[in-house]
Structure formats: structure tokens, C-alpha cells
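**Q** What follows is each chain in one-letter form.
Protein chains: 2
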Amino acid sequence: MKKLINAVEDVVTEQLEGMALAHPDILKVHFEPKYVYRADAPVAGKVAIVSGGGSGHEPMHGGFVGMGMLDGACPGEVFTSPTPDQMYECAKAVDSGEGVLFIVKNYTGDVLNFEMAAEMAYADGIKVQSILIDDDAAVKDSLYTAGRRGVGTTVLAEKIVGGAAEDGYSLDQCADLCRKVNQYGRSMGMALTSCIVPAAGKPTFDLGDDEMEIGIGIHGEPGRERFKMKTADEITEMMAIAIIEDEAYTRTVREWNNEDGEWFDLELTDDPFQSGDQVIAFVNSMGGTPVSELYAVYRKLAGICAAKGLTIVRNFIGPYITSLEMQGFSLTLLKADDEILKYWDAPVNTPGLR
Amino acid sequence: MKKLINAVEDVVTEQLEGMALAHPDILKVHFEPKYVYRADAPVAGKVAIVSGGGSGHEPMHGGFVGMGMLDGACPGEVFTSPTPDQMYECAKAVDSGEGVLFIVKNYTGDVLNFEMAAEMAYADGIKVQSILIDDDAAVKDSLYTAGRRGVGTTVLAEKIVGGAAEDGYSLDQCADLCRKVNQYGRSMGMALTSCIVPAAGKPTFDLGDDEMEIGIGIHGEPGRERFKMKTADEITEMMAIAIIEDEAYTRTVREWNNEDGEWFDLELTDDPFQSGDQVIAFVNSMGGTPVSELYAVYRKLAGICAAKGLTIVRNFIGPYITSLEMQGFSLTLLKADDEILKYWDAPVNTPGLR
Chain W
14 MKKLINAVED
24 VVTEQLEGMA
34 LAHPDILKVH
44 FEPKYVYRAD
54 APVAGKVAIV
64 SGGGSGHEPM
74 HGGFVGMGML
84 DGACPGEVFT
94 SPTPDQMYEC
104 AKAVDSGEGV
114 LFIVKNYTGD
124 VLNFEMAAEM
134 AYADGIKVQS
144 ILIDDDAAVK
154 DSLYTAGRRG
164 VGTTVLAEKI
174 VGGAAEDGYS
184 LDQCADLCRK
194 VNQYGRSMGM
204 ALTSCIVPAA
214 GKPTFDLGDD
224 EMEIGIGIHG
234 EPGRERFKMK
244 TADEITEMMA
254 IAIIEDEAYT
264 RTVREWNNED
274 GEWFDLELTD
284 DPFQSGDQVI
294 AFVNSMGGTP
304 VSELYAVYRK
314 LAGICAAKGL
324 TIVRNFIGPY
334 ITSLEMQGFS
344 LTLLKADDEI
354 LKYWDAPVNT
364 PGLR
Chain V
14 MKKLINAVED
24 VVTEQLEGMA
34 LAHPDILKVH
44 FEPKYVYRAD
54 APVAGKVAIV
64 SGGGSGHEPM
74 HGGFVGMGML
84 DGACPGEVFT
94 SPTPDQMYEC
104 AKAVDSGEGV
114 LFIVKNYTGD
124 VLNFEMAAEM
134 AYADGIKVQS
144 ILIDDDAAVK
154 DSLYTAGRRG
164 VGTTVLAEKI
174 VGGAAEDGYS
184 LDQCADLCRK
194 VNQYGRSMGM
204 ALTSCIVPAA
214 GKPTFDLGDD
224 EMEIGIGIHG
234 EPGRERFKMK
244 TADEITEMMA
254 IAIIEDEAYT
264 RTVREWNNED
274 GEWFDLELTD
284 DPFQSGDQVI
294 AFVNSMGGTP
304 VSELYAVYRK
314 LAGICAAKGL
324 TIVRNFIGPY
334 ITSLEMQGFS
344 LTLLKADDEI
354 LKYWDAPVNT
364 PGLR
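Just so you know, the sequences run in chain order W and V. The first sequence begins at 14 in my numbering and counts up by one. The second sequence begins at 14 in my numbering and counts up by one.
Don't take every hint at face value.
Identical copies go unnamed one by one, so any copy, or any two together, can satisfy a pair.
Simulated crosslink set (DSS-like; lysine-lysine; CA at most 30 Å straight-line) [said to hold, decoys possible]: (1) K215 to K15; (2) K321 to K41; (3) K15 to K193; (4) K153 to K15; (5) K321 to K241; (6) K241 to K153; (7) K321 to K15; (8) K105 to K321; (9) K355 to K41; (10) K193 to K355; (11) K241 to K193; (12) K243 to K140; (13) K243 to K105; (14) K355 to K215; (15) K105 to K140; (16) K153 to K243; (17) K241 to K215; (18) K153 to K321; (19) K243 to K15; (20) K241 to K355; (21) K355 to K140; (22) K105 to K241.
Worth flagging that the hints you see were computed from the coordinates, not collected in a lab. These numbers come from a predicted model, not from an experiment.
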């Protein structure tokens, strides 16, 4: 294993130390338990947005802490959920009294731990809302997930809901917007190579020298199918068509009710994309794929969207939700209405997005 | 070879097509010959800044075209110099009458071709200045270079001189500032893995599973020494100390005289860093190394600079001058005076840096 690390057990701690040294004007890092939070937190009168998850999906989430995006982020070990005490302590540190919105990617560990943290925060008098992101159209149920996985739409939700919170949205308004963004977004990923988790020291999965896998998750969870290598155009078409033609998707999510302090079930259905929709197109590198190759993908994607009657009104191209050094990419299309565009375009100042 | 490409011969063209589709508000692409230029070029009353070089070092240079940075960029094939006609046509497209500054990385092909382009532009009545970047402290003379190679300081020069041009600097003032930035900057790179150039289809060099190379160039040119893998702290220390303790460096550069239309030789000496200096610290990914590992490097670098009496007044951390998907990183330290800081902090709007 060749990585720029010292001891395996110190990887996340030392990376956070570097981040704190590099960006003292934007964020601070608390170490026991670990969380990253805005240097000016809590921001008076503002709902706080908090996310978190396993490390290794940089710059998400810690790199998205700052004005216009997250108030706090809880990093787990690499590809491992953070713990409820991280989330709870982070919520306490950033709550201004207006409440805290948790943005939770749909992985079983993350979901359970954020649920526990929500209950702990509520017991402490902090209003919480917890919104699930489950936008990965590749597979239903996966290695670490019941239902669809949470992937690229998470980044877009953090930006859009972060902008709305900055603009004075209430906790319930932030939750409604975040739920809408999740319902409007669909993603799919693919891998050319595996990454190596430091604690494992070997590739997460094996993929032949002439093979690729479509529909893979951000931890290397199995996808839809392996193929012999195809061209960028062929790969982009397979993935874009699968997203655009994805059928209505219905699932039951659990959300928190601050009135009675109880979880309740909510059935949500995502409608398919329709000709005439405006979309934000997000072409993401899994880490090891250069941005130049993402532009080749975007070239084909733009043609497919046009042919399907979708108008790309914004694009977002780069490594924003990665799997360490994995080569590959993911596509996310987000149906964009005026509210979503307004906050997508709002000012932001984080290490990972400015 | 697993890459997101179609036909090998179309790689750069299709990537540029994607870039043009993605950023029509910022830039345009001309295809025969190939150059990327500001959507609003020529900008009246402003000196135009033009750079270029082989493709594969993204987002440099095309991704740095836009307000506050480059007016034009000439992409060669992957790791191959662009041609004089690209540079000449680009200069004509972006010149407002105030002249064009070429920022040239020190690789023999780039240098020769930019010299020819300067002569062609001058013959056409365009004032030109051509400033060499040769900041790589790793080796003197290399595979494609007489003298030191041009690496990370190029990105800093494009930002700083681009900001000054936006602020009304004359062509000669831009040239003076660019020359100073080059003299104030020193860099060194290292590789954990090779990249694969599409047209070659196989790794540029072989490096054992437990080996790394210190001092490598951005095309995989040989460095100072190969070692068995070391820790991030050990690697960072080797490179940072080599940069900080690098002795006075003297070379003769060729510059262009617009008065008589002749090249002249100029002897330049870069002074070593001194305790008390303020610096901009640039930790760059070679492409495949995740930003999280760069933060581990920055953590150590900050300590070394402090111990050596250097104050890091700005930092810049991410993949900005890459070698396709190569894993590894480079360090650049740039002595920063008030003029340099003013334009480092100036507004910028490019695909690669905002």
C-alpha cells in the first residue's frame, strides 16, 4: 500500500489536523469526539446544517463546512460511520437555538447513529430534523444499505440547503427543501479501479485489467454489472439513460417529529424525469479520474440530455464525493426549480467549494 | 489501459468540446488550431496573459482561462508541446492592443515554440513578453529540459500576474511581476505511481509496489532518488527541507525586446529562502492522490516552515498541476511580498479556480 500517511490509526486525525491548520478562517476541528465546525459557529438566528459519514469521500463532508454550506460535519474512520456522540456534540456546538438539520446518506450505520444522535439532541432541548439522501438509482439494497444508497445528491443538498439556511429558512423549511432535493436527484456511479482503505491495506475489490463495473457505490459496493471496457461515450450513455429513464421510486423514510419527540414513517415517491425538465448536471470523479476525462463524459451527457428534452441549466464537474483514489466517475441529475437554482447559485465559502 | 476516452486521437479535442459546453459563460474553444480563450476576449485596455503546454496537467492551463487569470491557453496533445501557430493565433485572438505576456514552462519544446510564436506575433505588430518558469529545485537538466523544469509556480504566476493585468498593469509591469514570482518560487514533486499517457497505452515508468521517487517531473521525468516507501512526515520533510535550503540558483534566460525585435540574454539569480520570509504554501496533488492525504502533508509542512522561520500567509491545497492520474504530490513555496499577496487574493473566475 502506497499512501501519504503515517500510522494507519492516525490517518483521519492527522488529516483533520492539517485541515484545521490550513483553514482557521473557515473552520475549527474538535478532536474528542471528532467533528469539524464553522469557525463562527453557532451563527445567531440561523438553522445549523450538519452532515457526516465515513472519511474518504473528500472533500465531503468536512471540506464543505463554511458559510453557505455546512455548519458541522462528523467524520468517521475511512468508510466507517461516525458515532452518535460525534453527531450529538457537533449539534450542540453549532445550534444557535434555531435547530439543527441532519443530512444523512442512506447507509445503515449512518442512519442508526444519526437517529440516536437526534434523540440525544432532542432530549437536550435542541430541535432536530433528519433527512435521508437515497438517490443512487443503480441498485435497490446494497452491501451497507436497505433501499437506495446516498451518493452525489448529498453534495448538491448540502449546498442548496446550506444556502437556504443562510437566507433565513426555518428548520422545517430547510427539511422540506432537503427532502425535495433528494426526491429530485438521481445518481449512478462506475469504477475502473478499486481504492485501498488504509486499515485494510489492499484493494476493496478486484477488477480485471480490461474490466469496469457500472453502478458501483462510493465504498466499492457491488454495482449492476461488470463489462469489458467500453468507450467514454458508451459508458456515459448507459449511465445517463438509466438515470433519465429510472421509473417512479417509492420508499418509506423515518423522520423526526419535534412536537411529540417520536419518529414517524413517511412514504415518498420520486417521479421520473420528464422532457422539459431543467436539471443541474453533476459529473463527479471518484478520485483517481482526471477532470479532463470528466469533460469527455460531460460532452456526451450534454448531447443525451438535449435528445431527451432535459435542459442543463447548471453543471458541476470535478471530484466532490470520492472514494479515495478510485478511478471512475458518477453522474447526478437534479431537477432544478427556481428555489433550487436560487440556492445553488448562493455565495459559499468552504475549503472544497467557493 | 482503462480511461474514460473514445478514440485515442480524439482525446484532447473531445475534452475541449466538453469544456466549451460546460463553461460558455467563461471561455470559448477554437479548434483549428486549438486554443482556449476568454469568452469576452479581447478585453479592452488589458494586457492579455497566455500560457500553454502539453495536456494532462489539469486544470492547467485551459481550466485557468477566465477573469483574473489567463486570457488564453494553448493545449498540446497529452504531455506534448503545443505548436507555434496555436500560440500565435491565440495571441491574435486575445490581444487588445496592450500586448500579450507568454508564461512558458521550461521544457525545450515549449520554449522553442513560444519563441517562434513571439516572433510571429511581433511581426504582426503585437507587443509580446515571454517569461520562463523554471522553479523545480529537484534536478538541474532533465529529460525534456535544459536547466530547471517549470512546475507548480506556474499556477501561482498565472493567478498573480492575471490579477495584476486585470488591475491595469502594463505589459512590462506584468513581465516584471511574473519574473519575480518565478524567482521567488521553488518546487519539488514526488510520485507513488506512474500515469498512463493515452497514446502510449502503458505506464510512463515502472515503480515497484514498495517504491517511490522523489524529485520527479510532471511528465514522469526522472527525479533525484528512489526510496522504499516512507511515511508522509518523512517524505514531506525531505522535500520541504530541500526546497527551503536550496542554494542560490543562477541561470541565463532569453527574453524578448519589443524595441528592437530581438531576443536578449538575462542572467537571473534566485536567492534562498530566509528566516522571516512570508510564503504561500502550495500542496499539489499529481492527480491520483486524494486531497485528504495532502492535508496530512500540509500538517507536517506547517511545522517545518515554522521551525525554519517561514510564515505561511496563504495556502493552496488540491490538484492544480497534475500528471493525469499519477499518485503523488508536489510542494511549492513562494516568497510573498505585498504585491504578490494583493494579486493572489484578487478575484478570479475560471473553471479550475474561483
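**Q** Compare the structure with each hint and give your call.
**A** Structure-based check of each hint:
Proximity of K215 and K15 under a CA criterion of 30 Å is satisfied in both settings, with 10 Å inside one chain copy and 20 Å between copies. In the homo-oligomer, the alpha carbons of K321 and K41 lie at most 30 Å apart only across protomers (25 Å), although the nearest pairing inside one protomer, at 45 Å, exceeds that limit. Taking the shortest alpha-carbon separations for K15 and K193, neither the intra-copy value of 41 Å nor the inter-copy value of 37 Å comes in at or below 30 Å. In this homomeric assembly, K153 and K15 come within 30 Å of each other (Cα to Cα) only across copies, at 27 Å, whereas the closest approach inside a single copy is 34 Å.
In this assembly of identical chains, the alpha carbons of K321 and K241 lie at most 30 Å apart only when taken from the same copy (27 Å versus 53 Å across copies). In this assembly of identical chains, the alpha carbons of K241 and K153 lie at most 30 Å apart only when taken from the same copy (24 Å versus 44 Å across copies). For a Cα distance limit of 30 Å, the shortest separation of K321 from K15 across copies, 29 Å, qualifies, whereas the shortest one inside one copy, 44 Å, does not. In the homo-oligomer, the alpha carbons of K105 and K321 never lie at most 30 Å apart, since the shortest distance is 46 Å inside one protomer and 39 Å across protomers.
For the homomeric pair K355 and K41, the shortest alpha-carbon distances inside one copy (28 Å) and between copies (26 Å) are both at most 30 Å. For the identical chains of this complex, K193 and K355 are intra-copy neighbours only, at 14 Å inside a copy versus 42 Å across copies, given an alpha-carbon limit of 30 Å. When the C-alpha separation of K241 and K193 is checked against a cutoff of 30 Å, the pair qualifies neither within a copy, at 37 Å, nor between copies, at 51 Å. Taking identical chains as interchangeable, the C-alpha atoms of K243 and K140 are never at most 30 Å apart, the minima being 50 Å within one chain and 48 Å between chains.
With identical chains, the CA atoms of K243 and K105 are never at most 30 Å apart, being 49 Å at best within one copy and 40 Å at best between copies. Taking the shortest alpha-carbon separations for K355 and K215, neither the intra-copy value of 44 Å nor the inter-copy value of 46 Å comes in at or below 30 Å. Taking identical chains as interchangeable, the C-alpha atoms of K105 and K140 lie at most 30 Å apart only when both belong to the same chain, with a minimum of 11 Å there against 61 Å between chains. In this homomeric assembly, K153 and K243 come within 30 Å of each other (Cα to Cα) only inside a single copy, at 25 Å, whereas the closest approach across copies is 42 Å.
Proximity of K241 to K215 under the C-alpha cut-off of 30 Å is found in both arrangements, the shortest distances being 23 Å within a copy and 18 Å between copies. Taking the shortest alpha-carbon separations for K153 and K321, only the intra-copy value of 25 Å comes in at or below 30 Å, while the best inter-copy value is 55 Å. In this homomeric assembly, K243 and K15 come within 30 Å of each other (Cα to Cα) both inside a single copy, at 29 Å, and across copies, at 9 Å. In this homomeric assembly, K241 and K355 never come within 30 Å of each other (Cα to Cα): the closest approach is 42 Å inside a single copy and 52 Å across copies.
Taking the shortest alpha-carbon separations for K355 and K140, only the intra-copy value of 26 Å comes in at or below 30 Å, while the best inter-copy value is 44 Å. Neither within a single protomer nor between protomers do K105 and K241 lie at most 30 Å apart by alpha-carbon distance, with minima of 50 Å and 46 Å respectively.
Comparing the model with each earlier hint shows violations of hints 3, 8, 11, 12, 13, 14, 20, 22; every other hint is respected.
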